Amino acid sequence: MSAGVCINFVSPQPGVRVLAYDLAIGLPTFAFLVFLTGSSHATLWNVLWLLTRFGMISLETSVVVYLLQGYVASGRQALMNTVVVSGSAALLETLVKVLYIFALHVPLFLYDPTGDMRWSKWSFWLLHGLAAMLCYAALLVLPFTQWRELLPAKASFYRYVMCMLALYTTMTVGSILVGSKLAAGYCVFGVALWLYYASYPALMYFTFLAEFFADEQLDIDMLYYSEMREAGCFDDAYDDSFG
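First residue of the sequence shown: 31, per the working numbering; consecutive thereafter.
Since the hints were made in silico from the structure, they are not lab data. Heads up, some of the hints might be wrong.
[As the list claims (entries may be wrong)] Just the calculated beta-carbon pair ranges, DEER-fashion:
| hint | residue 1 | residue 2 | range |
| --- | --- | --- | --- |
| 1 | Leu89 | Leu129 | 14 to 24 Å |
| 2 | Leu239 | Met192 | 37 to 47 Å |
| 3 | Leu125 | Trp149 | 31 to 41 Å |
| 4 | Ala168 | Leu122 | 17 to 27 Å |
| 5 | Leu164 | Tyr51 | 34 to 44 Å |
| 6 | Ala228 | Val128 | 24 to 34 Å |
Here the structure is a predicted model, which is why all the values come from computation and not from measurement. Here a beta-carbon is modelled for each residue, glycine too, at the ideal position from N, C-alpha and C.
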């Protein structure tokens, strides 16, 4: 095996090699998920979902907590507060789910052949959706209160909040329908859940990261141009044409 192959796995270059790297890493994970799907490892599935949800709730909470601190806390203090609050919230929810799944034997993530539409299961998702709805609705109301100075000034933040509010509202409606023995609720809840997992990374990127990376690329281009100009690669006529 040549060293180039190893280099591509350690430090892949943009393009086809990154795709090959993603496939090499992703295919074993996909195969493991297929193994779980084809087996009756309910405990493994529950643990996998618990870990996934812990990470998602931590990320989702940290976004709001960090931005709400504004100028009140320093960078390091804001980061510490964010880690503590988001980690505590995610841990608390995970413990409640563990209690439901392993102590009360309520399959929150898996289909229950003995009666999946019972309220003992869907009341949890109803309360979870209502709590998230209240939080995001409060963020939309706060700009009209005396605490508006603490909120981010970017309009993209409020578009993010409205998207999350719409998702959790749809999940809540779906959980009510399923708990009311209406099978159509599975479609409503399922679509909202799919949008949550499929679109959340993209929503995060375009809301908070796209502008940052665009500015960083602009700074890199300007630095490269300055270095080339100092090296005498451009004449005055070239500079005047862009001046």
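Taking the hints in turn, this is what the structure says about them:
1. Leu89 to Leu129: 14 to 24 Å: With Cβ atoms ~23 Å apart, the hint holds.
2. Leu239 to Met192: 37 to 47 Å: The hint (37 to 47 Å, Cβ to Cβ) is violated, given that Leu239 and Met192 are roughly 19 Å apart.
3. Leu125 to Trp149: 31 to 41 Å: With Cβ atoms ~21 Å apart, the hint is violated.
4. Ala168 to Leu122: 17 to 27 Å: holds (19 Å)
5. Leu164 to Tyr51: 34 to 44 Å: holds (42 Å)
6. Ala228 to Val128: 24 to 34 Å: holds (26 Å)
Going through the hint list in order, the structure does not satisfy hints 2 and 3.
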